[in-house]
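There are 2 protein chains.
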Amino acid sequence: MSEADAPLRRVLEPLRPEMERVEEALRRELEHENPFLDDLLGHSRKLQGKRLRPLLLLYCARILGGVLDLHVALGAVVELLHSATLVHDDVLDEAERRRGEKALHRVWGNEASILLGDYLFAKAYSLCARLHLREANLILARTVEEMCVGELSQIATKFDFAIDEEQYLRVIGQKTASLFGAACRLGAVGHAADPEAVEALARYGTCLGTAFQIVDDCLDLEGDERVAGKSLGTDLAKGKLTLPVIQLLRQSPPEERRRLEEMLAGTDGVEERRSLVLRLVRERGFLRRSFEQAEEWIRRGKVSLGRVRDSLYVDNLRVLADYVLHRRA
Amino acid sequence: MSEADAPLRRVLEPLRPEMERVEEALRRELEHENPFLDDLLGHSRKLQGKRLRPLLLLYCARILGGVLDLHVALGAVVELLHSATLVHDDVLDEAERRRGEKALHRVWGNEASILLGDYLFAKAYSLCARLHLREANLILARTVEEMCVGELSQIATKFDFAIDEEQYLRVIGQKTASLFGAACRLGAVGHAADPEAVEALARYGTCLGTAFQIVDDCLDLEGDERVAGKSLGTDLAKGKLTLPVIQLLRQSPPEERRRLEEMLAGTDGVEERRSLVLRLVRERGFLRRSFEQAEEWIRRGKVSLGRVRDSLYVDNLRVLADYVLHRRA
Chain A
179 MSEADAPLRR
189 VLEPLRPEME
199 RVEEALRREL
209 EHENPFLDDL
219 LGHSRKLQGK
229 RLRPLLLLYC
239 ARILGGVLDL
249 HVALGAVVEL
259 LHSATLVHDD
269 VLDEAERRRG
279 EKALHRVWGN
289 EASILLGDYL
299 FAKAYSLCAR
309 LHLREANLIL
319 ARTVEEMCVG
329 ELSQIATKFD
339 FAIDEEQYLR
349 VIGQKTASLF
359 GAACRLGAVG
369 HAADPEAVEA
379 LARYGTCLGT
389 AFQIVDDCLD
399 LEGDERVAGK
409 SLGTDLAKGK
419 LTLPVIQLLR
429 QSPPEERRRL
439 EEMLAGTDGV
449 EERRSLVLRL
459 VRERGFLRRS
469 FEQAEEWIRR
479 GKVSLGRVRD
489 SLYVDNLRVL
499 ADYVLHRRA
Chain B
179 MSEADAPLRR
189 VLEPLRPEME
199 RVEEALRREL
209 EHENPFLDDL
219 LGHSRKLQGK
229 RLRPLLLLYC
239 ARILGGVLDL
249 HVALGAVVEL
259 LHSATLVHDD
269 VLDEAERRRG
279 EKALHRVWGN
289 EASILLGDYL
299 FAKAYSLCAR
309 LHLREANLIL
319 ARTVEEMCVG
329 ELSQIATKFD
339 FAIDEEQYLR
349 VIGQKTASLF
359 GAACRLGAVG
369 HAADPEAVEA
379 LARYGTCLGT
389 AFQIVDDCLD
399 LEGDERVAGK
409 SLGTDLAKGK
419 LTLPVIQLLR
429 QSPPEERRRL
439 EEMLAGTDGV
449 EERRSLVLRL
459 VRERGFLRRS
469 FEQAEEWIRR
479 GKVSLGRVRD
489 SLYVDNLRVL
499 ADYVLHRRA
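Residue numbers (our numbering), protein chains in the order written: chain A, 179 to 507; chain B, 179 to 507.
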């Protein structure tokens, strides 16, 4: 972790032993007696992400009554799910790098990656099913369905220059924020928690996830691959319009907009295109405005936290929210 | 359905109303308000397969106590799951056709196909989770995990000419027979069925699935694409060794085996290779021997049925077993 990750370390500290148990659960799930599969899973084991989703889950569990064994398992479930989507995303995006390593499909090929993604989804469901928690099974199934709808809607609007902010927000709500919200909601499983507190935390999670994706999309434009540890610029290359670009198009005069759309629809000069678009969205303030929108989502998330009884843990969720906004990777 | 499908029609008849309800459930699950997703799902709706897995499930339910609403839903679950694997398989195999139509990824691209496969998996889990049946969730999760392990093991042994019959049978047991067995087992959910009868039916399903895959692999070599309605020859092209080819290699003298392996490892002349291998496995009796092995699995499946109280329905499962052996598509 870098200097910028100091707030994340601070948030992690009070639940370090519980997060260690999530890691152990993940390691157990990511082992296999079949040597090929174990090698493949070994690649996944190396990809240490920030574990934001299990962290959120454990925090919500702690706030709503305490971290039970089932929450540790559910923490592993949401991370497995997230890993599954990353593996498939990288195949779709033809990404080169992920979490500082070569992307899995670059080492093992698309076939193995598609199947490994399927396997990780299956592990998530299977670990969840073994807990025999009706509510958790439902949340998980509904969330994966929503994430897939979001991803598919995104595919449907590739190179669609008419897409507006509302559609953009709906898609990121489905593909990203839904899992953040679900992680919070899963923290309530097993506790007779106040429904209002659960809704407030879920709402916080959804806001956090929305801000996370807006920032992610901005970093895809202006971030540094060495810092991010993953391939950037894939949104433009794949024709996925993100918030600053949508605003740029909508605020440009017709003739300029037409030229911009032509340029975005082109297939060559990926790096040049990224620099040009970056310069325009910077100069005209759209990048700043996107960050401000992310900030606004973070603000809403914090407002939602106001409906939960205050504690060190709730306070740390505020720190986590600010971290999501200011992260560079 | 063709003339060869007459036995299937006969088996279908006594459960036609229940199978109609499975179709309705499938249609409901394969609709979506998002027009792009609905179009994509429309392609899936058109792909009318033989519905062997739901049929098996309903038969087992009928034998063990009756077809309940939950079995109709579970019938849709296993078919959704099967469809999900077909969509991903066709991307992996770079197949051109499926169920008489252009393969989905040929029309919509790999990205949409990978995501649609994920979505169909999610729909299967979600429909199952909504039933709140502990046992069904567990069976489903375990089975998908096993299917993925089978598919991954197959990838691991592509162009591995040392693979033997035992490994081949293990892989098809995981990737194919497990879902046939699970379909039978799911027929017992909701009934206080005699455990011995459930095991006997699950064993029958596994044998049927094993025979099904052996026949499928033989048809991939010698079948007619127009009859099969899907791309054939993909196993050889993708370096997947199937039973007749494994036997051919193991029974050839060292020098000839070396030449055969070289030819199989080559990348050009896919059709020529298929003709040559087909001629060899035919002339030397390996194709016949593979069908005999499938026949032996069908025999074992029928023996297992002997442990279930006889009825018209059990008798029809015998007809279904013979159909699996003699089908040409």
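Hints are computed from structural coordinates only; laboratory data are not their basis.
Careful, some of the hints might be misleading.
Since the list can't tell identical chains apart, any single copy or any two copies may satisfy a pair.
[To be verified] The calculated lysine-lysine pairs, modelled on BS3-like cross-linking and capped at a C-alpha distance of 27 Å, are:
| # | residue 1 | residue 2 |
| --- | --- | --- |
| 1 | 416 | 336 |
| 2 | 336 | 224 |
| 3 | 280 | 336 |
| 4 | 416 | 280 |
Now the hints, each set against the structure:
1. 416 - 336: Cα proximity of residue 416 and residue 336: one copy only (7 Å, versus 31 Å across).
2. 336 - 224: between (32 Å within a copy, 25 Å between copies)
3. 280 - 336: Both: 26 Å inside a chain and 23 Å across chains, each within 27 Å.
4. 416 - 280: both (19 Å within a copy, 25 Å between copies)
In the structure shown, no violation is registered for any of the earlier numbered hints.
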